[in-house]
Amino acid sequence: MLSRWVVNFAFFLHTCHPYQRTKIFFYNLLENSHYQHKKYFDVFMIGLIFLSVYILIRSVKHELPHGWLIFNNYVISLIFFIEYILRFWLHSNSSKTIIEQYESDLFLHRPFSLSGALKTIFFQKIEYVFSPTAIIDLLAIMPFFHEFRLLRIFILFRVLKLFRYAKSLRRLISILASKKFEILTLIIFTMIMIMVSSVLIYVMEANNPQSHINSLFDAVYWSVVTIFTVGYGDLVPVTHGGRIVAMMIIVSGIAVISFATSIVVSAFTEKLDEIKEEKMIDSVNVLKRMYLVCGFSPLAHEVIRKLHKRHIPIVVLEKDPKKVQQARNNGLLVLSYDSGSLHTYSHLKLDFEDQVEAVILLHDSDVANIYTALTIRELTKNITLYSVLHHPANRKKLFLAGMNHIVNTHELVGMMSKIIARQPVAFEVIHALRSEQTSTVVDEIILDSDMKDRFYTLLEDPLFYQRFSVLGIYSTQLKKFHFNPHPDITIEPGDIAIVIANRGLIDEFRTKLHRRGKV
Amino acid sequence: MKPRCAAVFGYNEYSKQIVKQIRDVYENVGVFVIDEAEFLEAQEDGITADRFDLSDDWQSIEAQFDVEGLIVFCALNDDAENVFLTISLRATFDRLFIIALAQDNESMMKMKSAGADKVMPILQIAANVINDILTKPIMTQVLHDVLYEDSLLSIIEIEVGDASPLNGKYLHDLHFKRDFDLILLAIVDQAMGTTFSFASKGHNHHIDAGDILVFMGYAEKLNVIKQWNDGVEV
Numbered sequence: 020m021l022s023r024w025v026v027n028f029a030f031f032l033h034t035c036h037p038y039q040r041t042k043i044f045f046y047n048l049l050e051n052s053h054y055q056h057k058k059y060f061d062v063f064m065i066g067l068i069f070l071s072v073y074i075l076i077r078s079v080k081h082e083l084p085h086g087w088l089i090f091n092n093y094v095i096s097l098i099f100f101i102e103y104i105l106r107f108w109l110h111s112n113s114s115k116t117i118i119e120q121y122e123s124d125l126f127l128h129r130p131f132s133l134s135g136a137l138k139t140i141f142f143q144k145i146e147y148v149f150s151p152t153a154i155i156d157l158l159a160i161m162p163f164f165h166e167f168r169l170l171r172i173f174i175l176f177r178v179l180k181l182f183r184y185a186k187s188l189r190r191l192i193s194i195l196a197s198k199k200f201e202i203l204t205l206i207i208f209t210m211i212m213i214m215v216s217s218v219l220i221y222v223m224e225a226n227n228p229q230s231h232i233n234s235l236f237d238a239v240y241w242s243v244v245t246i247f248t249v250g251y252g253d254l255v256p257v258t259h260g261g262r263i264v265a266m267m268i269i270v271s272g273i274a275v276i277s278f279a280t281s282i283v284v285s286a287f288t289e290k291l292d293e294i295k296e297e298k299m300i301d302s303v304n305v306l307k308r309m310y311l312v313c314g315f316s317p318l319a320h321e322v323i324r325k326l327h328k329r330h331i332p333i334v335v336l337e338k339d340p341k342k343v344q345q346a347r348n349n350g351l352l353v354l355s356y357d358s359g360s361l362h363t364y365s366h367l368k369l370d371f372e373d374q375v376e377a378v379i380l381l382h383d384s385d386v387a388n389i390y391t392a393l394t395i396r397e398l399t400k401n402i403t404l405y406s407v408l409h410h411p412a413n414r415k416k417l418f419l420a421g422m423n424h425i426v427n428t429h430e431l432v433g434m435m436s437k438i439i440a441r442q443p444v445a446f447e448v449i450h451a452l453r454s455e456q457t458s459t460v461v462d463e464i465i466l467d468s469d470m471k472d473r474f475y476t477l478l479e480d481p482l483f484y485q486r487f488s489v490l491g492i493y494s495t496q497l498k499k500f501h502f503n504p505h506p507d508i509t510i511e512p513g514d515i516a517i518v519i520a521n522r523g524l525i526d527e528f529r530t531k532l533h534r535r536g537k538v
Numbered sequence: 018m019k020p021r022c023a024a025v026f027g028y029n030e031y032s033k034q035i036v037k038q039i040r041d042v043y044e045n046v047g048v049f050v051i052d053e054a055e056f057l058e059a060q061e062d063g064i065t066a067d068r069f070d071l072s073d074d075w076q077s078i079e080a081q082f083d084v085e086g087l088i089v090f091c092a093l094n095d096d097a098e099n100v101f102l103t104i105s106l107r108a109t110f111d112r113l114f115i116i117a118l119a120q121d122n123e124s125m126m127k128m129k130s131a132g133a134d135k136v137m138p139i140l141q142i143a144a145n146v147i148n149d150i151l152t153k154p155i156m157t158q159v160l161h162d163v164l165y166e167d168s169l170l171s172i173i174e175i176e177v178g179d180a181s182p183l184n185g186k187y188l189h190d191l192h193f194k195r196d197f198d199l200i201l202l203a204i205v206d207q208a209m210g211t212t213f214s215f216a217s218k219g220h221n222h223h224i225d226a227g228d229i230l231v232f233m234g235y236a237e238k239l240n241v242i243k244q245w246n247d248g249v250e251v
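If you read the sequences in order, they're chains W and S. If you count the first sequence from 1, you need to add 19 to reach the working numbering. If you count the second sequence from 1, you need to add 17 to reach the working numbering.
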């Protein structure tokens, strides 16, 4: 009966959307470093930790207001306690464990073992309780349970909680963890040296009335102070035997320090590229809007150079290390990943819908561009893909791969040749306008329906008259271009005016167009 | 003298497109190739190509075309060879109109120094188009249609003749938009050389014979102003 009720409840929780949503929310807040609001939570917790430490320091020599102590002992501790419970809850999925046990038993025609499921849940939770970070969390809550002055020192465990919230500290730990074996060897070596030298110095000095090293504790203290090359000088060996031990341990101390330094330096050197890559991924993840360029070719370099003027961040994906280096030398944000691999996008956690304005495929070959396009199309159908076409025979294949816009340089050059040959000046004019080589440019102005009167009135303004040309208005609804528009042309929201004028004059026109009131 | 014939040097994807586009514009279009592979490829495509080398022997060109009315497209695969071809042609033919293809800006400068009249930097052209499509898609489409497609809108350049009603007028006295439904884009002032200035900047300009005006508008309207400029009553 109880088993049946537990299974039903587990199924209820498993399918209860508000429960799952709440769990996902807290998981994101506490554990998901890519969650956009996590940083605010982390900053809040770091603030509480520093506040706790400040209150501890202040309380050493000052009498604190009662409210401060209540806040420190109860409010902060309660927040930490809630956090501890939430992490305990999130650590494993108990309802899932029960369901899995139930389904497994059902499949094997066995009666449901509630005790088996509870045992699994128990060990999962115990695993969390005895993890180092959970122990620190628990110790940091201690002031909540008592107010003894001595135990206030437990507040310092709160400082250790910083490892949870500061990513750089977590990274430091992970770097050092990669040298676990070397660090362990060093610790064992140091402990043996301290043990041997402590015994030796005790044997040599303890019976000498002039020596201050009279107990084994003194001997250990002296060994530690000496091996780490601190040497306070409050305890010194006076016998020849003791001084020989001192010489030995000083030399060993230098070896220990050198070994420790080399371990840390080599750990950082080995992980440097990884750290840089991680930092770069972090900086990409915070971008709200970007162009994603796949492949770093000479054309990509030129396109990026032009797009930079638009002040939209550009992220490049390139797997060739030489090209990656070349792009980085040009100050670009480049990730050394294969743009044709699904793994790349899951690792980068790119949100195509929200973050990526457009994807521009500029690999040196049509094959690579098609492969990348198909990969991206597996992830999203909504993003706009632009690609360059290297071989005219592949045009159809590029469209089949899901490309929205294809730029065929061969065809362009052919068409340009015709215009240059027939109307060289006209071509130069259009080319100059488009490439923005002069102060006169051609630009788009997005219009609003209530701008209609203002738009035509402004064109008669002496500032703009004869200096500001409206080539036409493109009606987005009718998909029609009205060349040299007359004032009776209706302007709908979203219609686009194509204008030619000095850059400054266009900006001024735009400003006046958006200004409320009479022109 | 307006070119009547064209010579295209090199046979690759670019020159194929050039030949395809200019075939109807000129009376005679010749293709010249530098190696056997290009020669055979042209033959496969049904194009009769002539062989040439980078020496100064241009007899085959002179025999086939009237050099005074010839336009040349230098479209070899290798930029260095293309520069050499350009400088060789310029050294031999002073008045030849040479259009050269360059992979990038760096080569473009060399082509210009070698004597090319117009240079098409391929990378920059492609980058400009991609940039325009991304940032100003409507404008790009409109200008593309006007320039390259059979759109109702078109662009024209007309030269002001001595008898033209435009001769001697000030730009601010003319209302092309209102009177002709045309937009004047730019003017090349004969006195100032071959560089153009945009109409939006030079509305105090005095139009003289020899100036070139660039208009955009519907084909029939462009025809009207062309005729008016030629002295026909409209």
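One or more of the hints may lead you astray.
[As the list claims (entries may be wrong)] As a list, the in silico EDC-like pairs of lysine to aspartate or glutamate whose alpha-carbon atoms are at most 20 Å apart: (1) S:LYS153 - W:ASP526; (2) S:LYS135 - W:GLU430; (3) W:LYS415 - S:GLU30.
[What the hints assert, rightly or not] Here are the in silico distance ranges between beta carbons for each label pair: (4) S:TYR165 - W:SER193: 52 to 62 Å; (5) W:GLU289 - S:TYR165: 48 to 58 Å; (6) W:SER302 - S:ASN122: 53 to 63 Å; (7) S:ASP162 - W:ASP526: 43 to 53 Å; (8) W:LYS415 - S:SER77: 34 to 44 Å; (9) S:GLU79 - W:LYS416: 38 to 48 Å; (10) S:TYR165 - W:ASP526: 25 to 35 Å; (11) S:SER72 - W:LEU291: 55 to 65 Å; (12) W:LEU398 - S:SER72: 24 to 34 Å.
FYI, nobody ran anything at the bench for these hints, they're computed from the structure. Fair warning: this is a prediction, and the values are worked out from it, not measured in the lab. For glycine and all other residues, C-beta sits at the position ideal for the given N, C-alpha and C.
Each hint, compared with the structure:
{"no.": "1", "hint": "S:LYS153 - W:ASP526", "result": "16 Å, holds"}
{"no.": "2", "hint": "S:LYS135 - W:GLU430", "result": "18 Å, holds"}
{"no.": "3", "hint": "W:LYS415 - S:GLU30", "result": "17 Å, holds"}
{"no.": "4", "hint": "S:TYR165 - W:SER193: 52 to 62 Å", "result": "57 Å, holds"}
{"no.": "5", "hint": "W:GLU289 - S:TYR165: 48 to 58 Å", "result": "56 Å, holds"}
{"no.": "6", "hint": "W:SER302 - S:ASN122: 53 to 63 Å", "result": "30 Å, violated"}
{"no.": "7", "hint": "S:ASP162 - W:ASP526: 43 to 53 Å", "result": "27 Å, violated"}
{"no.": "8", "hint": "W:LYS415 - S:SER77: 34 to 44 Å", "result": "39 Å, holds"}
{"no.": "9", "hint": "S:GLU79 - W:LYS416: 38 to 48 Å", "result": "44 Å, holds"}
{"no.": "10", "hint": "S:TYR165 - W:ASP526: 25 to 35 Å", "result": "30 Å, holds"}
{"no.": "11", "hint": "S:SER72 - W:LEU291: 55 to 65 Å", "result": "56 Å, holds"}
{"no.": "12", "hint": "W:LEU398 - S:SER72: 24 to 34 Å", "result": "56 Å, violated"}
Violation of the numbered hints given earlier is confined to hints 6, 7, 12; the remaining hints are satisfied by the structure.
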